[in-house]
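Protein chains in written order, with the working numbering: chain A, 1 to 325; chain B, 1001 to 1291.
For the record, the hints were derived by calculation from the structure and aren't laboratory data.
All C-beta atoms in this analysis are idealised placements derived from N, C-alpha and C, irrespective of residue type, glycine included.
Keep in mind that the hints are not guaranteed to be accurate.
To be verified - Facing chain B, according to a computed beta carbon distance under 10 Å, are these residues of chain A, among others:
no.	residue
1	22
2	28
3	132
4	142
5	227
6	229
7	237
8	278
9	280
10	294
Stated by the list, open to error - Straight-line distance between alpha carbons at most 25 Å, and here's what the computed DSS-like set of lysine-lysine pairs gives:
no.	chain 1	residue 1	chain 2	residue 2
11	A	141	B	1183
12	A	7	A	94
13	A	300	B	1064
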Amino acid sequence: MAIRVLKPGLATTVQDLGRPGYYHIGIPLSGGMDRHALAAANLLVGNEAGAAVLEAVFMGPELEFTADATVAVTGAELPPKLDGEPREGWTSFKVKRGQILSFDFLKQGARGYIAVAGGIDVPVVLGSRSTYALGALGGFKGRKLEAGDELPVGHAAATGKDGRTVARDLRGQPAGMPTELRAMPGLYWHRITEAAGNGFFSDTWKVAPEADRIGYRFKGGKPLEFVPREPPFGAGSDPSNITDACYPYGSIQVPGGTEPIVLHRDAVSGGGYFMVGTVIAADMDLIGQLQPNTPVKFVKVDMSQALAARKSRSELLGRLHSALA
Amino acid sequence: MQTRFSFGGDEHIFAEVGEAMSLEAFFKSLFITNAVRDAKIKGVTEICPANASYQVKFDPDQIKPDDLLVELKRLDSASEKSEPVIKTRIIEIPVLYNDPWTHETLMRFRERHQNPDGTDLEYAARINGLDSVDAFIKAHSSAPWFVSMVGFVAGLPFLYQMVERKRQLQAPKYLRPRTDTPKLTVGHGGCFSCIYSVRGAGGYQMFGITPMPIYDPNQTISYLRDFMCLFKPGDIVKWKPIDRAAYDAAVADVDAGRFAPVIRDVSFSLTEFNRDVDAYNSKLDGVLHGH
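Just chain B, same shape as in the assembly (with noise of 0.2 Å):
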């Protein structure tokens, strides 16, 4: 993988690690966002890793573009004798799949979807020959997903699974995007999963809804006190399918302020994972049930 520089007018260097989304690609724009940071480079601003790219934002008047350009590209170099491996943190995210909220969000705006007869999990299911939204909802949540990225909105995880290509769930942006999706909405669209951290206008196809909020920013939500955006790119998640009664009674614990998400320190190692996928995943697995 050859990185390709340009500049983004006179305040940022943009970098695309690869033109595809790959964990390599994304593992190596992590890997180099980190070595910027600790490199703590004079005038550099905003450090921001992204699926298979990032982006350097800098003040030309402390750093020169040139230099600051030609150290991104030792940092790239140096990036290929290294070790893959991150230290990370696994998090469990509940989720009621089909829920009556994003239903009557996506009924709301059928005329803006290529399977208007049906649902958005009915219509993933098919076009990912699965034969049932039962079968999607396994697929969807039995392996782990990275965080390759946090963005578009404050605090909102883009989300790439942890299986091999060929077994990844993909589908399609709705045909127009919608004005409305709810906050806390499960969505997919290409082959990325996200959380969205807020209510807004969006194109994901939607799965589903999680009673644990991601994105506070007045900061009373126990988990959010120290920091208003739960996410970091390179955060491993494990969705956890629970029913409508587990849903409500999660609610009321946020609520309460007694909610304790499941959130575990890891070490991910790309070149193991990619040895044994399936036997990788349910080590993770076992790091987040602590067995």
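This is chain A alone, in the form it adopts within the complex (with noise of 0.2 Å):
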């Protein structure tokens, strides 16, 4: 079976879990930015958690069936219609062969998880079948989604049950506002004065427009001053400059000391800014979901703080798994 694209979304493409193994050669990780979402929709329809599925970003596309499908709608409030009639989010629903799966405006989040019975059965590329549009590789053709394209399925191991939701304490969304980001200060945060570090943390930011799968630019804190420092060789005359390094994904570099960009699961691998820390694992599918103008806050942690948020949020993924089961 085949869904074909009859309108694309902003930015639609098909992503797994992704693609380690590459960044020292520069292909980032890829796959969806809200990892528990995208596990949530292929649980629902009985794939395994990291099928590929199809990331909408704002806006979703417009999608006809080929076969009888089951489907599931998990991440940002994307509300799913089956030719017109409303379909609940983050609960799976049958399609008839020459349904039309079309999507209502966004009203929270960012990105919505498209998932099918069978997964999105695209070529497997370096272990993946994530999109990394910036080097056109793996996805569909390596690139967005257009119309006109037909996107094979793969054979579902079990037929898919409607009706299955997921509650929502197990869905892993942002809550609050702001949003806080946990961070650990470090790789070149002794580069910034101690009152540029405070202000940091205690400055509200707010997501730019420059905001992708690369990453998120944050704007509206106050500019970073710097230590005094003769320019090493090799880096560059600014002094937010660095010989060019590795990228951390979830780092946070902060080019001329202005505007934080937080690396995301399409990351350029290095480059020659600063960075003043990392954005911690288990909030990095938080980001996935902001939209343009979202306030947010860092919020300053150390290792031991990191590893139990980490622990917590794989024993949500966990409970997530059991009820699914």
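Both chains are given apart, each in its own frame, so use the hints to dock them into the complex.
Have a look at this one:
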């Protein structure tokens, strides 16, 4: 069976849990930006948690099914409609051959995950079906979807059941305003003054319009003041420059000391800007659900707090698995 | 050189071998990342050498962050005792300097450049104290370059010139980055040259273009069938200036699947290199051309 793309949405891509192992040659992890929601969508339709799904950002696609299927939409509040009739998010439902899945306007969050029983069956490239658009790699022809594309769907091991749903407390979506992103100071933290470091964590930032799978930019906080130095050979003359180095996922670079950028799943793997620290792994999914203009605070944590947060995020995933087993 | 370690969140250890770029810092980062790879440490998922630093990504559910840090520090001190010798490859990259495509692009973005009245090559020649573009091209292509890092985007090599620091070519990046750079542009920023593996944004000065693809996600190009990225950190590159006729012939050869890049295995010793840079580089040239 296949899915015909009638309208592609804004930037809909095929994603699974990603492509580890090639960052040293500049190929990033890729994969769903909200991995918890991606896993939930798959489990709802009876797939393995890491099957390939569609990730739609800000605006849903319009899709025609060439055969009967079971579908679920999770993540952002992007209300699904089947032949124009509303369907519940975070709940599996049946689609008949020839029916059209479309979406209402985005109500909350940023990215919806559309899973189909059997998974989106694009070729596996370097161990993953995820799209890395910058490198024209993986996914459907290495790019976001376009009208007229036909997406192959894999054979479903079991016919997915409809009406299965994920309880609100198992959804792991951002809660509260401003959204709190926990971060460990480090990397080139010593390049800024103590006052600037305090300001970074006490200021409220807002998601800038430049927010995509590569990284999220933030603005509205005070510019960071640097500790004076002689530029090291190879680094460049700006105080925010370093000798080009690797960028961790979640690392927070601040070019010119003004607007922090948190790198995400399609990260550029390295470059010449200093970083003040790294958003902890447990909070990376939340970033994937932030819309431009959302207020955000960075909350300072240490390694033990980061590991505790990691444990609690993984327990949430464990409860999701049990609930949908 | 005292390596500075820092956790990058709960999944990365970042190690700065040197604040400044140097062959010694690069060599150490390459050496240690090779050792980490050989050690097959459980829970380590990505091992990334960079110019003067390196990064290891790990799963803290499989190895405690502090345990990995101890292991990296151990490998770091062990590296002090080892001979700085690597087995690597030397690769010849043909370049059409001053080509029409980067020229068109650099004219389009002229208002973002330090020297709006000239070309990137003219500017780079002047600020490096060379009296002509030809002299600059000679300086750029006469000594080999180390691939000191692969990244930013897929398959893009950062290249570090293998001459004494005082002879190294330097040029600032554009005042504001361009939104476009032709695929396979040979660029330069700071002390690093690069080859843009894909078309896209960029801030490096543009000197020329190579006909030789270095990244092919479809793996149809003959020499990229085994793996889609040509370069690995530690490779050595030698530029070969070519004219337009040779460029066109090479493009036709690539399209016809008969382009055979010149790649030779070589062993590189940093100690011997430092003893006599020019003599060592001409020895490398000999390896490349089989004499």
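If you check each hint against the structure, which ones fail? 5, 10
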